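For the sequence shown, my numbering assigns the number 133 to the initial residue and increments by one for each residue that follows.
Take these hints with a grain of salt, some might be off.
To be verified - Cut-off 30 Å, straight-line C-alpha distance, at most; resulting in silico cross-link-like pairs (DSSO-like, lysine-lysine):
hint, residue 1, residue 2
1, K200, K164
2, K188, K200
3, K188, K164
Stated by the list, open to error - Computed Cβ-Cβ distance ranges for the label pairs, DEER-style:
hint, residue 1, residue 2, range
4, Y145, L204, 30 to 36 Å
5, E208, G163, 19 to 25 Å
6, A177, G135, 30 to 36 Å
7, P205, Y145, 25 to 31 Å
8, I206, D143, 29 to 35 Å
9, E140, R170, 31 to 37 Å
Hints are computed from structural coordinates only; laboratory data are not their basis. Just so you know, these numbers come straight off a predicted model, no measurement behind them. For each residue, glycine too, the CB sits at the ideal point set by N, CA and C.
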Amino acid sequence: ERGAVVIETWDNYLTPEVVHDFFWFNSSAGGKIYEAQRMPMHEAALGIRSVENAVKEIVAETISLQTKFGSLPIREE
Numbered sequence: 133e134r135g136a137v138v139i140e141t142w143d144n145y146l147t148p149e150v151v152h153d154f155f156w157f158n159s160s161a162g163g164k165i166y167e168a169q170r171m172p173m174h175e176a177a178l179g180i181r182s183v184e185n186a187v188k189e190i191v192a193e194t195i196s197l198q199t200k201f202g203s204l205p206i207r208e209e
């Protein structure tokens, strides 16, 4: 069944204890960040760009968007 993985995840893993640890559930900028991350990840998966290049862009964009739209501080470690 195509949706089995999604159903299993929602049923077994997205408990309140787990959800509070997920970045996208804790970030008010999460929707904007997710949208910005899709293309670099897609291009890295297809080999259009290197994984290292995609990660650099994702980190920079995540910090920028969270700083601009989020309510919590963010930093690169």
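Structure-based check of all given hints:
no. : hint                       : result
1   : K200 with K164             : 10 Å, holds
2   : K188 with K200             : 18 Å, holds
3   : K188 with K164             : 17 Å, holds
4   : Y145 with L204: 30 to 36 Å : 23 Å, violated
5   : E208 with G163: 19 to 25 Å : 21 Å, holds
6   : A177 with G135: 30 to 36 Å : 22 Å, violated
7   : P205 with Y145: 25 to 31 Å : 28 Å, holds
8   : I206 with D143: 29 to 35 Å : 31 Å, holds
9   : E140 with R170: 31 to 37 Å : 23 Å, violated
Hint check: violations occur at hints 4, 6 and 9; the rest are consistent with the structure.
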